[in-house]
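Please build the complete structure, drawing on both the sequences and the hints.
Number of protein chains: 2
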Amino acid sequence: MGTKVAIFDSTLRDGAQAEGISFSVEDKLKILTLLDDHGIDYIEAGNPGSNPKDLEFFARASSISLKHSKLAAFGSTRRRDIRVENDDNVQSLLLAATPVIVIFGKSWDFHVTEIIRTTLEENLNMIRDTVAFFKSKGKEVVYDAEHFFDGYKASPEYAVKSLQAAVDGGADSLVLCDTNGGSFSSEVGEIVRKMVSLFDLPIGIHAHNDAGMAVANSVMAVENGARHVQGTYIGFGERCGNANLSTIIANLGVKRDYDCLPAGEYRHITRTARHIAAISNVAINERDPFIGNCAFAHKGGMHIDGVNKASSSFEHIDPELVGGQRRFLMSEVSGRRMILDKIWEVDASITKDDAVTDSIMKRLKELEHEGYQFEGAESTFELVIRKQLGKYRPFFELEHFKIIGEQPANGEYGSSAIIKVKVDGKSEITAAEGDGPVNALDSALRKVLDRFYPELSNVHLTDYKVRVINGRDATAAKVRVLIQSTDGDSVWTTVGVSTDIIEASWIALVDSIEYKLLKLEEARVLA
Amino acid sequence: MGTKVAIFDSTLRDGAQAEGISFSVEDKLKILTLLDDHGIDYIEAGNPGSNPKDLEFFARASSISLKHSKLAAFGSTRRRDIRVENDDNVQSLLLAATPVIVIFGKSWDFHVTEIIRTTLEENLNMIRDTVAFFKSKGKEVVYDAEHFFDGYKASPEYAVKSLQAAVDGGADSLVLCDTNGGSFSSEVGEIVRKMVSLFDLPIGIHAHNDAGMAVANSVMAVENGARHVQGTYIGFGERCGNANLSTIIANLGVKRDYDCLPAGEYRHITRTARHIAAISNVAINERDPFIGNCAFAHKGGMHIDGVNKASSSFEHIDPELVGGQRRFLMSEVSGRRMILDKIWEVDASITKDDAVTDSIMKRLKELEHEGYQFEGAESTFELVIRKQLGKYRPFFELEHFKIIGEQPANGEYGSSAIIKVKVDGKSEITAAEGDGPVNALDSALRKVLDRFYPELSNVHLTDYKVRVINGRDATAAKVRVLIQSTDGDSVWTTVGVSTDIIEASWIALVDSIEYKLLKLEEARVLA
Numbered sequence: 000m001g002t003k004v005a006i007f008d009s010t011l012r013d014g015a016q017a018e019g020i021s022f023s024v025e026d027k028l029k030i031l032t033l034l035d036d037h038g039i040d041y042i043e044a045g046n047p048g049s050n051p052k053d054l055e056f057f058a059r060a061s062s063i064s065l066k067h068s069k070l071a072a073f074g075s076t077r078r079r080d081i082r083v084e085n086d087d088n089v090q091s092l093l094l095a096a097t098p099v100i101v102i103f104g105k106s107w108d109f110h111v112t113e114i115i116r117t118t119l120e121e122n123l124n125m126i127r128d129t130v131a132f133f134k135s136k137g138k139e140v141v142y143d144a145e146h147f148f149d150g151y152k153a154s155p156e157y158a159v160k161s162l163q164a165a166v167d168g169g170a171d172s173l174v175l176c177d178t179n180g181g182s183f184s185s186e187v188g189e190i191v192r193k194m195v196s197l198f199d200l201p202i203g204i205h206a207h208n209d210a211g212m213a214v215a216n217s218v219m220a221v222e223n224g225a226r227h228v229q230g231t232y233i234g235f236g237e238r239c240g241n242a243n244l245s246t247i248i249a250n251l252g253v254k255r256d257y258d259c260l261p262a263g264e265y266r267h268i269t270r271t272a273r274h275i276a277a278i279s280n281v282a283i284n285e286r287d288p289f290i291g292n293c294a295f296a297h298k299g300g301m302h303i304d305g306v307n308k309a310s311s312s313f314e315h316i317d318p319e320l321v322g323g324q325r326r327f328l329m330s331e332v333s334g335r336r337m338i339l340d341k342i343w344e345v346d347a348s349i350t351k352d353d354a355v356t357d358s359i360m361k362r363l364k365e366l367e368h369e370g371y372q373f374e375g376a377e378s379t380f381e382l383v384i385r386k387q388l389g390k391y392r393p394f395f396e397l398e399h400f401k402i403i404g405e406q407p408a409n410g411e412y413g414s415s416a417i418i419k420v421k422v423d424g425k426s427e428i429t430a431a432e433g434d435g436p437v438n439a440l441d442s443a444l445r446k447v448l449d450r451f452y453p454e455l456s457n458v459h460l461t462d463y464k465v466r467v468i469n470g471r472d473a474t475a476a477k478v479r480v481l482i483q484s485t486d487g488d489s490v491w492t493t494v495g496v497s498t499d500i501i502e503a504s505w506i507a508l509v510d511s512i513e514y515k516l517l518k519l520e521e522a523r524v525l526a
Numbered sequence: 000m001g002t003k004v005a006i007f008d009s010t011l012r013d014g015a016q017a018e019g020i021s022f023s024v025e026d027k028l029k030i031l032t033l034l035d036d037h038g039i040d041y042i043e044a045g046n047p048g049s050n051p052k053d054l055e056f057f058a059r060a061s062s063i064s065l066k067h068s069k070l071a072a073f074g075s076t077r078r079r080d081i082r083v084e085n086d087d088n089v090q091s092l093l094l095a096a097t098p099v100i101v102i103f104g105k106s107w108d109f110h111v112t113e114i115i116r117t118t119l120e121e122n123l124n125m126i127r128d129t130v131a132f133f134k135s136k137g138k139e140v141v142y143d144a145e146h147f148f149d150g151y152k153a154s155p156e157y158a159v160k161s162l163q164a165a166v167d168g169g170a171d172s173l174v175l176c177d178t179n180g181g182s183f184s185s186e187v188g189e190i191v192r193k194m195v196s197l198f199d200l201p202i203g204i205h206a207h208n209d210a211g212m213a214v215a216n217s218v219m220a221v222e223n224g225a226r227h228v229q230g231t232y233i234g235f236g237e238r239c240g241n242a243n244l245s246t247i248i249a250n251l252g253v254k255r256d257y258d259c260l261p262a263g264e265y266r267h268i269t270r271t272a273r274h275i276a277a278i279s280n281v282a283i284n285e286r287d288p289f290i291g292n293c294a295f296a297h298k299g300g301m302h303i304d305g306v307n308k309a310s311s312s313f314e315h316i317d318p319e320l321v322g323g324q325r326r327f328l329m330s331e332v333s334g335r336r337m338i339l340d341k342i343w344e345v346d347a348s349i350t351k352d353d354a355v356t357d358s359i360m361k362r363l364k365e366l367e368h369e370g371y372q373f374e375g376a377e378s379t380f381e382l383v384i385r386k387q388l389g390k391y392r393p394f395f396e397l398e399h400f401k402i403i404g405e406q407p408a409n410g411e412y413g414s415s416a417i418i419k420v421k422v423d424g425k426s427e428i429t430a431a432e433g434d435g436p437v438n439a440l441d442s443a444l445r446k447v448l449d450r451f452y453p454e455l456s457n458v459h460l461t462d463y464k465v466r467v468i469n470g471r472d473a474t475a476a477k478v479r480v481l482i483q484s485t486d487g488d489s490v491w492t493t494v495g496v497s498t499d500i501i502e503a504s505w506i507a508l509v510d511s512i513e514y515k516l517l518k519l520e521e522a523r524v525l526a
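Chains as they are written, first to last, in numbering that gives the first Met the number 0: chain B, 0 to 526; chain D, 0 to 526.
Treat the hints as calculated values from the structure; they're not laboratory data. Since we're looking at a predicted model, the values are computed, not measured. Treat the hints with care, as some may be off.
Per the computed footprint, the stretches of chain B lying under chain D, defined by three or more beta-carbons under 8 Å from a beta-carbon of chain D, are [stated by the list, open to error]:
{"id": "1", "segment": "216-223"}
{"id": "2", "segment": "292-298"}
{"id": "3", "segment": "313-323"}
Where a beta carbon is used, it is the ideal one built from N, C-alpha and C, also for glycine.
Shown next as structure tokens:
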């Protein structure tokens, strides 16, 4: 095993500064447990001085015994011209009762004189005093040198003095922060190398992505001797975000021999990232390295051909090493090979020259033209193939449905749906109310089918996504609805397209139900 | 002005290989014109050998006279063991009739023997012959050395020989491609420096983002002597995408002194990126450097305080240099200062200690708790402030509306809306059909208000976004609807939240209409 690099996750602190992020205490506890299970070394989880709600979190977190991670609270040096023990923020930090305290202080002379408005000397005292105070309380102290790279470029001597003040206070590690995110990798490499040679303590890196280089800067820092990397697991944070730890860990631990996670955990990188995204209620950027849905998706015909001959021809790593999955996309540039792979999953006897292969291709092109995308909706794709192969029978027939939404002058808006279906010649009609038309329709459909297929009772929707395909005509535009369903064991996704959101949802709902019934039938045949 | 770096955009070729991208010929012509206006040096717009539709594009593009850009077509070296003039792909490339031809060839010995399956010697002949053929036709030839970095790491001697073959054929520039996107910045810097010292031709860089370093690798290449950068303007491309040119251009041309664009064009970077995203029908990642909506958005209280004292304290560049805008976000960590700024836009006489300031804060917190976000919905935010200040009167009153959606057994799904409103004591009722319930409601609302406010006739919706706030309960979850409207001159955005998509849309629609009527009234008062 290679050189140890400590991984320091700030999703719960710096990540909470991202636009659109708002964690509840419950959310934070869930992410804490997830990161601990994953083997992250440090978890920075709040700034009790600036956000009193964080103290509630730390109180509850203290009852969780972490298996691997050390919990950290983050705060500023004491304010100018007061004794450290009289500073409210310092006292709040102590109340968090974490084994690790992260203290940030100023390394850029401009910030000292213009932003916090004190003398250069007093700033050094503030750093030294505050670090020493927490050391006297038995804490591990990580010193975050805010704006270190900008400060070093403006006044190298003062920036180094500010680090020395932390060392004099007894800091356990020195983290160089590119707070404004504007540094280039060449600068970061050079400055980190100098600091590693000047100080005996472990040097860390904290990068932001404003110049699009946070990952490269972090890796470059490690190549130049840094042994502690701060970031947020999926990269969100103030402005353009923090360094994306999932990318950095994969680069250092999978592509190189650094020791960032317990050995078995690299394969959980994708799963961990998606889990954090779900709790944070943000979408993973599907083009994100390693963890994005597109990361190992091939569209060009030559690329697909190459990967089929040798995966390393167009993949920089084996997707399984990070728990990812290779995908071949259907499109005018992707060729038939991957469609054949899907057809063979349904019927291995079909050949590429069969007439039915052509008819499936043709049908897929028609649907794509209408706005369908099967990327990510494999269940609908399978149903399309089955329909063309004649390996499909509908499990129910719609007679009609009607949705009514009413807004009286000062009352509550309400939605209801009436639905009538026929199964094996028997009709059934019912109605349901719901929060919105799609929810009413979903409830009514399950209710009316219950008499015929009671085994559907454990199926429910876990995600509902609406994508406006063509933004130009606003509410008259086509929409694509993706529905994710689960029966508690497996998860499947279906898609519907229409200019009408209700119709698109209906198509996806029907596919979801049909797919589940089909799988139940197959299981019965095999049993 | 600094050193010239040629910018080579492949949005229309490598970008078209991205998941979810499908350009029509019209789309491609629009992007071509946009990039030419922006002053991009080279525009690679298709691969006529693998996509016959591209020839139609090149035929139509030839009638456009470009002001600045050179148009390029992309294709492979000739196949093995045939004469170059007998190769179909080579002939297709010639038919494109572009002044620039980009030829890609193999530099990695493994690809030569395992993927295209020929001898190392024949591969060199293929490169030399094909380049020489296009030179004999008077073309500028850019040679793309596919997998150059992987090839160089595996067998440096052969990789260099492959470049020499292109030089021998008469190539005008040599582009080193990190085709699999897995190279680190330190490697790229070192290898580019060596090639710059070995060859007299301009060296280019073509990076992919699979390790999250495409931007840093491109900038590192330029710092080490590369003078030609390939990428796609907003970064989409095969798998994790190509190097994002908007980020690279801002880094090289705004943060450093390289000459990448005509002087006045740097301020159009954000606009150009958003325009390309709209035509490509993809969403800009809002955390993207420079061009994202979050790029200059500040949430932390200390950051907002710092930026108010000196913008460089937490911004690596002045947002205006790239046509971006600073934003202060409202949230529990952002403090009151920025809310005050918004209040002052409505009424400059309010102070921070007024009771009404507190009541506005309280109302904002309530709405945020319900799921509202005012980030990006400033018009609704202004209406909230006006309502609290008593500077708002409703322009109409809803009596009721009803939406009906019907799906007969085998017919078309249809939506219609009935609406009744009252203005100054006079009632009016009407109905409209639409593609979907929201469209029907939008049409009915405009129709019923036409009698009272004919000036609304030029208002229409330009974007309609639905965000499921809480994915856990699927169709019963709360949704946030954002509506963007325009009157041809200005653009405004409003937001509504409800568990019911229709109600959320209704709230946002009403705000959009009220906001427009309010602005008309203000304009009349001022006139």
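Structure-based check of each hint:
no., hint, result
1, 216-223, "holds (count 4)"
2, 292-298, "holds (count 7)"
3, 313-323, "holds (count 4)"
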